[in-house]
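**Q** Take a look at the letters that make up each chain.
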Amino acid sequence: MSTSEPRGLTVPAAITRHTVLLITGALILIPFVWMVSLSIKPPGEIFRASFSFWPQQFYGIENYTRALTEAPLPQYMLNGIIVCGSIVILQVIVCAPAAYALAKLDFPGKNLLFAMVLIALILPHEVLSLPLFILGYQIGILNTYGALIFPYIVSPFGIFLFRQFFKTIPDDVVHAARLDGLSELGIVWKIMVPMALPAIIAFGIFSVVGHWNSLFWPLIAVRDQNLMPPPLGIMAFKNEEAGNDYGPLMAASTIVVAPLIIAFLSAQKWFVEGLTGGAVK
Amino acid sequence: MAGILIDKVAKSFGATSVLREVSLAIADGEFLTLLGPSGCGKSTLLRILAGLDVQTSGSLSIGDRVVDGVRPKSRDVAMVFQSYALYPHMTVAANMALPLRMRRLSSLQRLPMAGKFLPGTKAVTERIDEDVRRTAEALGIGHLLDRKPGQLSGGQRQRVAVGRAMVRQPAVFLMDEPLSNLDAKLRVQMRAEIKELHKRLGVTFVYVTHDQSEAMTMSDRVAVMLDGELLQVAPPQEIYADPTDRRVAEFIGSPKISILDGIVEETGIAMTAGTVFSIPKGIELGSQIGIGIRPEAFVLAEKHGPNTLTGSIKLVEHMGSDLFVHLDVLGSGAPIIARLLAERAQHIGEGQTLHLGVRPDRLLLFAADGMRIRPSSPTPDITANANVLPLKERVL
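Quick mapping for you: the protein sequence lines, in order, are chains A and B. Everything in the first sequence is counted per the UniProt record's numbering, starting at 1 for the first residue and increasing by one. Everything in the second sequence is counted per the UniProt record's numbering, starting at 1 for the first residue and increasing by one.
Some hints could be false.
Label pairs and their in silico Cβ distance ranges [claimed, not checked]:
#	chain 1	residue 1	chain 2	residue 2	range
1	B	F13	A	K167	15 to 23 Å
2	B	G140	A	T168	45 to 53 Å
3	A	P194	B	R65	52 to 60 Å
4	B	G282	A	K167	54 to 62 Å
5	B	A138	A	L123	52 to 60 Å
Keep in mind that the hints were calculated from the coordinates and are not lab data. Yeah, the Cβ is synthetic: ideal placement off N, Cα and C, and Gly gets one too.
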């Protein structure tokens, strides 16, 4: 086998590699499987010592109905869509021109600005919570959608990722666009962004996943249940319930996670291309 | 329709100077080639013409208009890039239509969805489509309009790039090594097509290349550049036959000219590489000169004598109708390269001793600083020399 396929692995090596991959994969997948399993079990079965994926008594309909009706879960989901959608659109609108300037234009202080972007990249967002909270209070947007959106509009990661991708686009394309009569912003939106689409979609997935799941900042920024994004909603849901009612809670979690998984699977090709594209091309 | 006037344009990046006060007038409708090795500043000059780079000093006019500080799109120039610089996410038709859309449609009319419904948009768009189709047909790419650049071959991409420049009907065409990404056969074909295009459009072409065969075959005039300086601007034949500078002579011509370092021994005689050459009178005695001989200026001689180089054959390259002989001559430095007719040189083989004669009027003489030395009164000098040297007859 190894003689006919020089790049193939020997049998023991292949077994070792696949074992490691399977174990890693299982470690990541088991909590999800467990969550889905619990969401279709009746309360009595959840705390049984023996584990089986399929419940003896299918309790899914009851759990999912309760998840959808007892707490305003659809409202949380809608909040999540509004907040994540606004964030990702505003991020692209802000980051693409900034990245274009850093990648293709010459101006004094460019390297300093880029260094500041890199520094911002290593700062954890939590560090900024208190100043952002005070700022939000001063401009009076706490407890609105605005409070959930504004701290994330400028994304250092987005600027960095787009800049790296824009750098791989030849200067001649920019020159040709200038001669064709495009303005600098026209070049960003009509040439650079369409050419960097894989990177933009990859970034979009990162951004949506990150903000859909974000709990810390929404916990600080909003009180109104009607504004809460899904994870915060689930927490509120748990508080309301008696605590041991895990079936509906897991059902709610499954509903919250499902859109992300579907979105990721359907955009997987772009995602991989976007993250590796800059390196290869 | 516009000529170009380049007036003392200089460009430097920090301390390094890329262009040194280049001045050049290009006539309306002329095909001018900027020729030079890579890094000589020719592409920089072209980009300054296009407005993509800004000169450090000096002034530029296109037509009667000074264009310093005018944005690229307002200069009425179009450019074809070495990498073609097509937009990979747009179809060929969209690539070619973009410059027209940017000029003929208002920013409102260009809006993605709503623009279509504004008054006038439809008529203008139809005219743009018509212009694009006509240009594409003229270039033989009419059937490719719906493809994306990634689906095209190199030659087809090249045509799309030319089409995108042409569709605007600019007053000046700028081309930055447009053929260097093509294979040799296609290059020769596109060379003829670009020349043909120039004839048909009758507008000014400024063409940048490092390939002398492109420069020699296509241009009305060639401007040879080296180290940011313009060395000579002249029609191709003149650049070859009558170079004003040693560097021009060395750059133009393939195989390369052989230049021997010599010393003026007596009036009308220079000594080099074990022989003497007849040179025009009037060159200061004892001065160092370069004696340049084009490969085709050599003829076979029977024995050693004045105006004759003798050496052993290092290499013979058969090219069909003629052959290149590389001759190791004592004291010449690099081997001498001669081009001989194949039928007259059948007996030649490597390792043999060979005598090559040169008619004195075929010598190109250069002073120590590289400037060409021209005889003040050419003919008498040479005939006088021939009389002085009795061996002359036997040399030829």
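**Q** Are the hints correct? Go through all of them and say.
**A** Consistency of the hints with the structure:
Evaluation of the 15 to 23 Å hint for F13/B and K167/A yields a pass: the beta carbon distance comes to about 20 Å. The hint said 45 to 53 Å for the Cβ distance between G140/B and T168/A, and at roughly 32 Å that hint is violated. For P194/A and R65/B, the Cβ-Cβ distance of about 34 Å falls outside the hinted range of 52 to 60 Å, so the restraint is violated. Take G282/B and K167/A: their Cβ atoms lie about 60 Å apart, and the range 54 to 62 Å holds.
A beta carbon spacing of about 58 Å between A138/B and L123/A agrees with the range 52 to 60 Å that was offered as a hint.
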